[in-house]
Amino acid sequence: MATGHAPIVEMKNIEKHFGSVIALNGVTVEVYPGECHCLLGDNGAGKSTFIKTMSGVHKPTRGEIFFEGKPMQFDDPRDAIAAGIATVYQDLAMIPLMSVSRNFFMGNEPLRRIGPIKLFDHEHANRVTMDEMKKMGINLRGPDQAVGTLSGGERQTVAIARAVHFGAKVLILDEPTSALGVRQTANVLATVDKVRKKGIAVVFITHNVRHAMAVGDRFTVLNRGTTLGTAQRGQITPEELQDMMAGGQELVALEGSLGGTV
Amino acid sequence: MTSFLKTAAMTALVAAAPLLAAGQAAAEGERYVLVSHAPDSDSWWNTIRNALALAGEQMGVEVEYRNPPTGDIADMARIIEQATASGPDGIITTLADFDVLSGPIRAAVDSGVDVIIMNSGTPEQAAEVGALMYVGQPEYDAGLAAGQRAARDGVTSFLCVNHVISNPVVAERCQGFADGLGVDLGDSMIDSGTDPSEIQNRVLAYLNANPDTDAILTLGPTSADPTILALESNGMAGDIYFGTFDLGDNIVEAIRDGVIEWGIDQQPFLQAYLPVVVLTNYHRYGVLPGNNINSGPGFITADGLELVEEFAGEFR
Amino acid sequence: MSDTATGDERVKEMSGFRKALIRPELGGIVGTVAVFTFFLLFAADSGMFNAQGIMNWSTVSAQFMIIAVGACMLMIAGEFDLSVGSMIGFAGMSIAIFSVTLGWPVWIAILTTFALCISIGALNGYIVIKTGLPSFIVTLAALFILRGFTIFFPQTIERRTIIGGIDDAAEGDWLAPFFGGEIGQPIFVWLADLGLIDVFERGNRAGEPVIDGIPMLIVWAIALVIFGHIVLTRTRFGNWIFAAGGDAQAARYVGVPVNRVKILMFMFTAFCATVFATCQVMEFGSAGADRGVLKEFEAIIAVVIGGALLTGGYGSVVGAALGALIFGVVQQGLFFAGVESSLFRVFLGVILLFAVILNTYIRRIITGER
Numbered sequence: 001m002a003t004g005h006a007p008i009v010e011m012k013n014i015e016k017h018f019g020s021v022i023a024l025n026g027v028t029v030e031v032y033p034g035e036c037h038c039l040l041g042d043n044g045a046g047k048s049t050f051i052k053t054m055s056g057v058h059k060p061t062r063g064e065i066f067f068e069g070k071p072m073q074f075d076d077p078r079d080a081i082a083a084g085i086a087t088v089y090q091d092l093a094m095i096p097l098m099s100v101s102r103n104f105f106m107g108n109e110p111l112r113r114i115g116p117i118k119l120f121d122h123e124h125a126n127r128v129t130m131d132e133m134k135k136m137g138i139n140l141r142g143p144d145q146a147v148g149t150l151s152g153g154e155r156q157t158v159a160i161a162r163a164v165h166f167g168a169k170v171l172i173l174d175e176p177t178s179a180l181g182v183r184q185t186a187n188v189l190a191t192v193d194k195v196r197k198k199g200i201a202v203v204f205i206t207h208n209v210r211h212a213m214a215v216g217d218r219f220t221v222l223n224r225g226t227t228l229g230t231a232q233r234g235q236i237t238p239e240e241l242q243d244m245m246a247g248g249q250e251l252v253a254l255e256g257s258l259g260g261t262v
Numbered sequence: 001m002t003s004f005l006k007t008a009a010m011t012a013l014v015a016a017a018p019l020l021a022a023g024q025a026a027a028e029g030e031r032y033v034l035v036s037h038a039p040d041s042d043s044w045w046n047t048i049r050n051a052l053a054l055a056g057e058q059m060g061v062e063v064e065y066r067n068p069p070t071g072d073i074a075d076m077a078r079i080i081e082q083a084t085a086s087g088p089d090g091i092i093t094t095l096a097d098f099d100v101l102s103g104p105i106r107a108a109v110d111s112g113v114d115v116i117i118m119n120s121g122t123p124e125q126a127a128e129v130g131a132l133m134y135v136g137q138p139e140y141d142a143g144l145a146a147g148q149r150a151a152r153d154g155v156t157s158f159l160c161v162n163h164v165i166s167n168p169v170v171a172e173r174c175q176g177f178a179d180g181l182g183v184d185l186g187d188s189m190i191d192s193g194t195d196p197s198e199i200q201n202r203v204l205a206y207l208n209a210n211p212d213t214d215a216i217l218t219l220g221p222t223s224a225d226p227t228i229l230a231l232e233s234n235g236m237a238g239d240i241y242f243g244t245f246d247l248g249d250n251i252v253e254a255i256r257d258g259v260i261e262w263g264i265d266q267q268p269f270l271q272a273y274l275p276v277v278v279l280t281n282y283h284r285y286g287v288l289p290g291n292n293i294n295s296g297p298g299f300i301t302a303d304g305l306e307l308v309e310e311f312a313g314e315f316r
Numbered sequence: 001m002s003d004t005a006t007g008d009e010r011v012k013e014m015s016g017f018r019k020a021l022i023r024p025e026l027g028g029i030v031g032t033v034a035v036f037t038f039f040l041l042f043a044a045d046s047g048m049f050n051a052q053g054i055m056n057w058s059t060v061s062a063q064f065m066i067i068a069v070g071a072c073m074l075m076i077a078g079e080f081d082l083s084v085g086s087m088i089g090f091a092g093m094s095i096a097i098f099s100v101t102l103g104w105p106v107w108i109a110i111l112t113t114f115a116l117c118i119s120i121g122a123l124n125g126y127i128v129i130k131t132g133l134p135s136f137i138v139t140l141a142a143l144f145i146l147r148g149f150t151i152f153f154p155q156t157i158e159r160r161t162i163i164g165g166i167d168d169a170a171e172g173d174w175l176a177p178f179f180g181g182e183i184g185q186p187i188f189v190w191l192a193d194l195g196l197i198d199v200f201e202r203g204n205r206a207g208e209p210v211i212d213g214i215p216m217l218i219v220w221a222i223a224l225v226i227f228g229h230i231v232l233t234r235t236r237f238g239n240w241i242f243a244a245g246g247d248a249q250a251a252r253y254v255g256v257p258v259n260r261v262k263i264l265m266f267m268f269t270a271f272c273a274t275v276f277a278t279c280q281v282m283e284f285g286s287a288g289a290d291r292g293v294l295k296e297f298e299a300i301i302a303v304v305i306g307g308a309l310l311t312g313g314y315g316s317v318v319g320a321a322l323g324a325l326i327f328g329v330v331q332q333g334l335f336f337a338g339v340e341s342s343l344f345r346v347f348l349g350v351i352l353l354f355a356v357i358l359n360t361y362i363r364r365i366i367t368g369e370r
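Residue numbers (the numbering used here), protein chains in the order written: chain A, 1 to 262; chain B, 1 to 316; chain C, 1 to 370.
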């Protein structure tokens, strides 16, 4: 637990309105370095609006964002990336037709100077990609293998490795496990664990309580655009989280018949 | 099913025939290439192709027809260069755009290929590029003659439907017609495009906007056929003075029905046929006519349509 | 985690053949070999492979290459430009009006035309980006607008649709030879002296070689192919082009300036079209309102034959150049082989169909779709 030092990201009373629709209505979250902060919520709870606000895609209508203690204004995702906030989107992490190494360095291409001309340093890119993939436990046929041939979990892993390699201090994962099978999910969760141990703050968005419980240090539940509070690991049971996500007790009646599988 | 098989077999034959024909004919006789500027869609050139084939057959020489598929003159220049590279005995070509085509034609002449200019261009231009002769209808003079004829019939204003606005030589016909009438061309010439229904609607729109138009001049079947339909639909058929360049099935019929007063026949048959004959005799016996040949204009009216009707679209 | 590190035993090693298949140039290489074999068999003694014949299909192929390079990079960036053909007509007419009608020095006319056309390309791109409309529709509109102006301006100003006399205007101009000139004349004189190429038999050029130099058109084509290939495969910007076409949203999320990339590619396509037009106008000395009709499709066909995917994100400039070569050689070669010219379109359709089917198959291999 990392409560001993200052939060790396603090979001205070964030509101986001789209015309007459209030997507976020006063959300407060603190994220500490080295923790995995799970953000739970049902569909439509405002999870994706929230992470887009944190990653600079949206500007909050009201409220403040502090990054490393200083107020932060992100004009676009590039600012957030430059500051060290990286986001891995569920199905938009990678470009299937491009090679792993081109994907890995997309937006951060290494350059090699030949006289006045700056060229893409493929040699460097290929070497780094192979190294990083090996560290993450993915064996590539070669750095020019297309991402399209990787499994969903491997793609998420490549995207996470990429963010870490380029110095992310905060890593936002948007439902990284929602479309994956059991074994691939386990791989991704293991990757999250590795990343956390490097001192990087992970914001893990999911609506699957079991996945959250597996790696989360703290849990924040979003419902209808507001936070229903943050709980420490060990202070809350999966059932309680599940109920909070559903916004009340109505699932309790179903719980018995579903046998706790939801 | 059998008819499908037949069709398939025919298609295969047709596809293979040119290859075979070329293989055989290359061995004997002179080889002449006719290069036109007409896009694939221009049906008028069918007569040229038939006449060319007939001349080839009668003279015992190999003939080929080439054209730029979209009618792009720059592509035509490449085709002439290509024809030159293939080393024929002669090239018969139109001179649709002197600036573009004069270079390639001159190069053909200089590399020893005899050239005859047909259809488009002028006798002067033909001489300038070093061609043996020009076979065709001087466009301006043909238009002028038509204009003078219309003036005698009491026409004072007209609409010229130009479907080949990009070919300045053809536009000369409209200019000549206006001069023959003694009026200013002004806005009388419209760019009709080549699509039949577009032409029809543009003609209708023009006649609506200018109800006092005395006469219509079309520059070929492409513009004449839809214009006939336009006049039938607005009831002016037979009423308005209607002359056209060139012939085709529908034009011949319209002349018989009195919708069209006269058609100017530039006799494309001769434009393709004569150059082959001239070139062959020149190459075999060294004889060459001492002048250019005017293949037209011939005015075709309701009198004496029989032969025209019989061979319209084929040789006429 | 460590169990996946050993690899998935169900993924078979890719055979060398399949590995070669996913190179985008492969189709182009195979096609080029096939096409040349075919014509060497059927048209070897027809003049297709003498100096004039080679120059003929090289020039035609070079024309296709120039516009194919632009179309290829734009297609990889995920967009189309259907206004290429109209742009060729428009650019040529623009040079003609500036230099002949308005009497400006030719180099100013050329530079102004480049600026004008590249701006129009940028506008195309800007509209596509800002409206989110498919580039197909936006550039289709540009196709008509540009063609309309190309007919309207000369007709209004000069009362004709072909403006000539540019070669006279270009006499002594410093820039015009970069488009209409030729290089390497001494080599051809030397070759003619050796008797390797024919000389003119008569006329005032008698004794000169039938090919007097390599047209700048071919030089431009080669230069653009090399430039495009390096940019695409060896630079950061090239990676952005692939990314923008592969998945624009994913690229944006990692900070690739997708909008800028796409607009720049529209501008580059317009640049290529203008190079084509300028070379043509300087060679022939006149501009016509119907120049370049359907060239946009010819460019796209060359690019697709060259292995690029219509959906973007995959392709190669070298492939597109080979596609252009195949296109040019087939178009001109069918004549030399004595095939009826109307069948050219049949051949073209068949080649295109094969290319697209092959490309779809390749894409399945790359992305592992089943």
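Hint data in this document are derived by calculation from the structure and do not stem from the laboratory. Quantities reported herein were computed from a predicted structural model and do not represent experimental measurements. Any given hint might turn out to be false.
Stated by the list, open to error - Here are the computed lysine-lysine pairs in the DSS-like style, where the Cα-Cα straight-line distance is at most 25 Å:
#, chain 1, residue 1, chain 2, residue 2
1, A, K59, C, K130
2, A, K52, C, K130
3, A, K169, A, K198
4, A, K194, A, K134
Said to hold, decoys possible - To spell it out: a stretch of chain C is covered by chain A in this simulated footprint if at least three of its residues, at any positions, have a beta carbon under 8 Å from a beta carbon of chain A; those stretches are:
#, region
5, 95 to 105
6, 328 to 340
Glycine is no exception: its CB is placed at the ideal position from the N, C-alpha and C atoms.
In rising order, the numbers of the hints this structure does not comply with: Hints 5 and 6 contradicted; others consistent.
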